[in-house]
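Please put together the full structure from these sequences, using the hints given.
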Amino acid sequence: IVGFDVAAIALYDTDRAKHRISAVRVTEGGEGLVDPAQLRDLEFKDNAGLASMVVKNRHYLPAGGEPREVSAPIYTRKVKVDDARSLLVLPLLSADEAIGTLTLVARAEKRFSSDVREMLAVIANQVAIALQNGFLYKKMETMATTDGLTGLTNHRTFQTRFEDLLQRAQRHGHKVALLLCDVDFFKKVNDGLGHPVGDEVLRRVAKVLQEVPRKIDIPCRYGGEEFAVLLDNVDVVQAKAVAERIRIEISKVVVETDKGPLSVTESVGVAAFPDDGHDRATLIERADLALYHAKHTGRNRVVTWAELQAAKSKKAS
Numbered sequence: 001i002v003g004f005d006v007a008a009i010a011l012y013d014t015d016r017a018k019h020r021i022s023a024v025r026v027t028e029g030g031e032g033l034v035d036p037a038q039l040r041d042l043e044f045k046d047n048a049g050l051a052s053m054v055v056k057n058r059h060y061l062p063a064g065g066e067p068r069e070v071s072a073p074i075y076t077r078k079v080k081v082d083d084a085r086s087l088l089v090l091p092l093l094s095a096d097e098a099i100g101t102l103t104l105v106a107r108a109e110k111r112f113s114s115d116v117r118e119m120l121a122v123i124a125n126q127v128a129i130a131l132q133n134g135f136l137y138k139k140m141e142t143m144a145t146t147d148g149l150t151g152l153t154n155h156r157t158f159q160t161r162f163e164d165l166l167q168r169a170q171r172h173g174h175k176v177a178l179l180l181c182d183v184d185f186f187k188k189v190n191d192g193l194g195h196p197v198g199d200e201v202l203r204r205v206a207k208v209l210q211e212v213p214r215k216i217d218i219p220c221r222y223g224g225e226e227f228a229v230l231l232d233n234v235d236v237v238q239a240k241a242v243a244e245r246i247r248i249e250i251s252k253v254v255v256e257t258d259k260g261p262l263s264v265t266e267s268v269g270v271a272a273f274p275d276d277g278h279d280r281a282t283l284i285e286r287a288d289l290a291l292y293h294a295k296h297t298g299r300n301r302v303v304t305w306a307e308l309q310a311a312k313s314k315k316a317s
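Heads up: the sequence shown at position 63 corresponds to 63 in my numbering, and the numbers run straight through without jumps.
Don't take every hint at face value.
Claimed, not checked - Cross-link-like lysine-lysine pairs, in silico, DSSO-like; alpha carbons within 27 Å at most:
1) Lys259 to Lys188
2) Lys215 to Lys138
3) Lys18 to Lys110
4) Lys56 to Lys110
5) Lys45 to Lys138
6) Lys56 to Lys45
7) Lys45 to Lys110
8) Lys215 to Lys252
9) Lys315 to Lys252
10) Lys138 to Lys18
11) Lys259 to Lys295
12) Lys315 to Lys295
13) Lys139 to Lys175
14) Lys110 to Lys138
To be verified - Label-pair distances were calculated between CB atoms; the ranges are:
15) Ala121 to Arg161: 28 to 34 Å
16) Asp235 to Asp35: 53 to 59 Å
17) Asp15 to Arg299: 39 to 45 Å
18) Lys252 to Lys45: 33 to 39 Å
Since the hints were made in silico from the structure, they are not lab data.
Ideal Cβ positions, reconstructed from N, Cα and C, are used throughout, including at glycine.
See the structure below:
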């Protein structure tokens, strides 16, 4: 439709009243007009810049498509486009709400004539509708797969991901480990301090589970005060080491309550494919039995299925 040197899309978060540049394109020959590294993921508050004004007014600026018509910066004063002779910031309108801006910059003069501006405004609206549909789909997908309280993968999605990991491990000869984690004395927390404190405990535990394992591992809200972590291509020894790190980090959690600080601990059961079982149900059952043993032998500890078996053999002899 029109030649340009630099284009950028900034999305507007109404709740935070902030703009964030989410896409930048520099065409061949456009190098040096704007520093793309400076633009990527740039976040800025509502200000006197063109992007903020366009979102508020829901109309493109500058009116004639030339930067000399305005003295305001596009985003912030740090972003310079001194060599630009054509400039257009268009609102991305969906249901008459501006969800962001599309900015086009060119070194050549008079790139954005009246007809081009009107056509680009229509296209920008189509882009906005497509983006909004994408956001809604992502939100629905997140709601369907994520636990609302903790932000972790929910139980149903955990079961699906576990099955997928096991099938892949069987095909490629990999290992998979399962940690089942349970907050110690959680019923006493809920009964004695109330559900809001209990919810905060669960959120804090979930935060540890998100931070301690690797990015590729999958922490989940299994149900109630019970959590699970799937560790890809990890054996029992490695899985126990991860479980110990999780246990130690959770033992550092302190939740402030009306009745004073509350320390949190967690017990963990570990089972791994293929050593402790070959199917999902068996591995869950054996990790759960190991967890039960951890609970009944002192709490705040990690027990593997193999250790449980060894303890039973020792007791029998």
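Take the C-alpha atoms of lysine 56 and lysine 110, compute the straight-line distance between them, and say whether it is at most 27 Å.
-> Judged against 27 Å, a Cα distance of about 26 Å means the pair holds.
Regarding the pair lysine 45 and lysine 138, is the alpha-carbon distance no greater than 27 Å? holds (25 Å)
Check your understanding: In this structure, is the beta-carbon distance linking aspartate 15 and arginine 299 contained in 39 to 45 Å?
Key -> holds (40 Å)
### Hint consistency between lysine 56 and lysine 45 [alpha-carbon to alpha-carbon, up to 27 Å]
holds (13 Å)
Practice task
Starting from lysine 45, check that the Cα of lysine 110 is at most 27 Å away, please.
Solution key: violated (30 Å)
Review point. Is the Cα-Cα distance between lysine 259 and lysine 295 27 Å or less?
Key: The given pair, whose Cα atoms are some 25 Å apart, holds under the 27 Å limit.
*asked:* So if I understand the rule, the pair passes when the alpha-carbon distance is 27 Å or less; does lysine 139 with lysine 175 pass?
replied: violated (33 Å)
Does lysine 252 lie within 27 Å of lysine 215 when you go C-alpha to C-alpha? The given pair, whose Cα atoms are some 22 Å apart, holds under the 27 Å limit.
Q | Hint consistency between lysine 259 and lysine 188 [alpha-carbon to alpha-carbon, up to 27 Å] | A | holds (13 Å)
Practice task
Below or equal to 27 Å on CA atoms is what counts here, so check lysine 110 against lysine 138.
Solution key: Answer violated: lysine 110 to lysine 138 is near 39 Å, above 27 Å.
Quiz item: Does the alpha-carbon distance linking lysine 315 and lysine 252 stay inside the 27 Å limit?
Solution: violated (33 Å)
> Taking only the CA atoms, is the gap from lysine 315 to lysine 295 under or equal to 27 Å?
Replying inline: holds (18 Å)
The structure does not agree with the numbered hints 3, 7, 9, 13, 14, 15, 16 stated previously, though it agrees with the rest.
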